[in-house]
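Asker: Each chain, letter by letter, is given below.
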Amino acid sequence: MTPTAVAAVVVFAVVYVLIASEKIDRIAAVLGGAGVLALIGVITVDTGFHAPETGIDWNVIFLLFGMMVIVSVTKQTGVFEYVAILAAKLARGRPFAVMVTLVLVTAVASALLDNVTTVLLIAPVTLLVCDRLRQAPEPYLIAEALASNIGGTATLIGDPPNIIIGSRAGLDFNAFLWHLGPIVVVLLAVFIGLAWLMWGRTMVADAKAAENVMRLDEKEAISNPRLLVSCAVVLLLVLAGFVTHSITHIDPSIVALLGAGVLVAVSRLGPKEFLEDVEWSTLVFFMGLFMLVGSLVHVGVIEQLGRWLAESVGDRLLFAGTVLLFVSGILSAIIDNIPYVATLTPIVSEMTGPGSGPLDPLWWALALGADLGGNATAIGASANVVIIGIAARNGHPISFWRFTRYGVLVAAVTLVIAWAYWALRYVVLA
Amino acid sequence: MRLEELAEDFPAAELGADAAEAVLQMAAAHRVGIVVLDGAGAPLAVLTGARILAAVIPRYLRDDPGLARVVDQNAADEIFERLAGKTVADLLPRREERSEPPVLGVDDTSMEAAVMMAATGSPLVAVTRDGRFVGAVTISRLLRFAAERAEER
Numbered sequence: 001m002t003p004t005a006v007a008a009v010v011v012f013a014v015v016y017v018l019i020a021s022e023k024i025d026r027i028a029a030v031l032g033g034a035g036v037l038a039l040i041g042v043i044t045v046d047t048g049f050h051a052p053e054t055g056i057d058w059n060v061i062f063l064l065f066g067m068m069v070i071v072s073v074t075k076q077t078g079v080f081e082y083v084a085i086l087a088a089k090l091a092r093g094r095p096f097a098v099m100v101t102l103v104l105v106t107a108v109a110s111a112l113l114d115n116v117t118t119v120l121l122i123a124p125v126t127l128l129v130c131d132r133l134r135q136a137p138e139p140y141l142i143a144e145a146l147a148s149n150i151g152g153t154a155t156l157i158g159d160p161p162n163i164i165i166g167s168r169a170g171l172d173f174n175a176f177l178w179h180l181g182p183i184v185v186v187l188l189a190v191f192i193g194l195a196w197l198m199w200g201r202t203m204v205a206d207a208k209a210a211e212n213v214m215r216l217d218e219k220e221a222i223s224n225p226r227l228l229v230s231c232a233v234v235l236l237l238v239l240a241g242f243v244t245h246s247i248t249h250i251d252p253s254i255v256a257l258l259g260a261g262v263l264v265a266v267s268r269l270g271p272k273e274f275l276e277d278v279e280w281s282t283l284v285f286f287m288g289l290f291m292l293v294g295s296l297v298h299v300g301v302i303e304q305l306g307r308w309l310a311e312s313v314g315d316r317l318l319f320a321g322t323v324l325l326f327v328s329g330i331l332s333a334i335i336d337n338i339p340y341v342a343t344l345t346p347i348v349s350e351m352t353g354p355g356s357g358p359l360d361p362l363w364w365a366l367a368l369g370a371d372l373g374g375n376a377t378a379i380g381a382s383a384n385v386v387i388i389g390i391a392a393r394n395g396h397p398i399s400f401w402r403f404t405r406y407g408v409l410v411a412a413v414t415l416v417i418a419w420a421y422w423a424l425r426y427v428v429l430a
Numbered sequence: 001m002r003l004e005e006l007a008e009d010f011p012a013a014e015l016g017a018d019a020a021e022a023v024l025q026m027a028a029a030h031r032v033g034i035v036v037l038d039g040a041g042a043p044l045a046v047l048t049g050a051r052i053l054a055a056v057i058p059r060y061l062r063d064d065p066g067l068a069r070v071v072d073q074n075a076a077d078e079i080f081e082r083l084a085g086k087t088v089a090d091l092l093p094r095r096e097e098r099s100e101p102p103v104l105g106v107d108d109t110s111m112e113a114a115v116m117m118a119a120t121g122s123p124l125v126a127v128t129r130d131g132r133f134v135g136a137v138t139i140s141r142l143l144r145f146a147a148e149r150a151e152e153r
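Residue numbers (the numbering used here), protein chains in the order written: chain A, 1 to 430; chain B, 1 to 153.
Bound conformation, chain B alone:
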């Protein structure tokens, strides 16, 4: 099946957008991430929820996870308040550490999306028409489609 038929609306934000607002948008849509766009509407990166957490949770807590138990709720709240004043660009890995965004065209197939997700570990693939973002195929959407096809056969 072509991705045009599989793609769903998906939250997206530009690099300079407010990080906290972008995260709220993602949470409100019950999505696992947001697609980051450039000024022309082309996907630059997929910002997953895990990456957002990694960007706000201090490195020392990730180095020594046992310390997460000793902080109280106030401290946890303050950590998440660190999103304030940040832009979406601040949450992305440094340019040299970024990998190519998982992007396919509307004419590409579900198999190509599956291969890309498996190869990159991304939970979604951004779908574009003429280079502009039109939606995304999530892993759950793709698996649901595969399961339905299996039942039909």
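Just chain A, with the same shape it has in the complex:
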């Protein structure tokens, strides 16, 4: 390795340790690392800002930004509250049935929106419903965080790691839905079964409390019917844009930006409202991270590592996929799965090579491992951290171990089932 390559690896490792140990803010860590690499000449304007392989992946940034703006506008309509209360009422106030409907709403919403946004929207309604049902909200909130991570696995836009994988591997919305959608449906069914074992069988129904839920008026949640219609139309068009990518060749980031632009125009909201849910810190973190990982690509470390791994694996797809899925699952439970996936994507890209190759299914192993592994611990996924924060603020603290006790079981079961699906579909039946 050249001295520059060694320097890039050292800086990258230090930044990773800082992120994992949470000694300093993760944004400061990645920007500091990128700054050092810029000072020693590894990152330049061309490699850091303009080159798709070594710099900031603007497709990812703008896809996230566009979806965040769409959520900011749609949120103003009250539709999320409407759907969640309607779901609880459809369950007729029976405690476990309410949990199932809220889990399904969360999972479906997470497939279409960012997981954190989804739990932020669903948690207040859940607390209200639990209050009226006279049920402890903790099991419901934990179940929703776990469901959001499972549901988000199904689509390109459901979980940030999928957006990174999609952009780096050239996989579109349909590819994610086709390859990961079926297993996510199975995993959700299994998760509902686990939820029954973990919580449902001890829940006691209360007819009077059920009446309290039935008296909630979901229609009152809709604050702007005209905007709701506009949002519904634009969301459908955005989804159509994602699905028809192979025909239109309009990238998902452009589709999301166009959708966001139309919604901003028709809603006539001010910047404060339509930028309310844009997580600038997340976007800046992604930018710094892309430059850091890109510097490893630029100095040739990723190419060497990928080539070495590809030679070691040979054509043993089952071995490679098994290791990738479970290692990704375990590591994603401990560290943030976004930097993990950002680091792994160029390596997997080197292993799979250009175009369609025999190791292509490794992308699905990476996505399944990284997305589902986040469920294992209280800090494994952003949605878990957010839900624990909301619970504590509302006087229902959930300890790290309480969450992790349920999360480990769900992550282990879903990872094993996902591995069986992956092995069956891409190795045994391929």
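Errors might be hidden in some of the hints.
Some but not every residue of chain B turned toward chain A, in silico, with C-beta under 7 Å [unchecked claim]: (1) Tyr-60; (2) Arg-62; (3) Val-70; (4) Asp-77.
To spell it out: a stretch of chain A is covered by chain B in this simulated footprint if at least three of its residues, at any positions, have a beta carbon under 8 Å from a beta carbon of chain B; those stretches are [said to hold, decoys possible]: (5) 206-218; (6) 262-273; (7) 363-369.
Because the hints were derived from the structure by calculation, they are not lab data.
Every residue, glycine too, gets a C-beta built ideally from N, C-alpha and C.
For this one, chain A is given, so just place chain B on it according to the hints.
Answerer: Quick look at chain B alone, frame taken from chain A:
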């Protein structure tokens, strides 16, 4: 003018007093809050009506105000029934989150009260003599006094 001349009777309660009774006392006197006293009669905090509402209204309703529209009157009644069994201390922010109470002595001036209200955002200033609470100057009392002075001049 000295605060001794401006101060009015004002509802006050000790930390261990029943919260519901304290709130009724405040409402009956048409005041915007109550002054919380320690065992020796010294002001510890000003508990405003807004703070009382914040203490009983669930956090999730404050996070998502749109949900307030979907609850019926029964639910609203139950929320306010949460005052039952609570003490005045339960309605105060946690000790580390509390700011210094707006307190001045009987010899302090109306200008000092005005500055304190503007700086703390408090709608009243508790007035003490030898450290013991004797009354309060409310913002409406202070502004009325200022307006009367302006007219006289």
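Asker: All hints are to be evaluated individually against the structure, with a verdict given for each.
Answerer: Right, here's what the structure says about each hint:
1. Taking 7 Å as the C-beta cut-off, the interface hint given for Tyr-60 (chain B) holds, the closest approach to chain A being about 4 Å.
2. Because the closest C-beta pair between Arg-62 (chain B) and chain A is about 9 Å apart, greater than 7 Å, the hint is violated.
3. For Val-70 (chain B), the shortest C-beta to C-beta distance to chain A is roughly 5 Å, which falls under 7 Å, so the interface hint holds.
4. The closest approach between the C-beta of Asp-77 (chain B) and any C-beta of chain A is roughly 12 Å, which is over the 7 Å cut-off, so the hint fails.
5. Residue count for the region 206-218 of chain A with a Cβ under 8 Å from a Cβ of chain B: 5. That meets the three needed, and the coverage hint holds.
6. Residue count for the region 262-273 of chain A with a Cβ under 8 Å from a Cβ of chain B: 0. That is fewer than the three needed, and the coverage hint is violated.
7. For the region 363-369 of chain A, the assignment as covered by chain B is violated, since 0 residues bring a beta-carbon within under 8 Å of that chain's beta-carbons and 3 are needed.
In this structure, the earlier hints numbered 2, 4, 6, 7 are contradicted, and the remaining ones agree with it.
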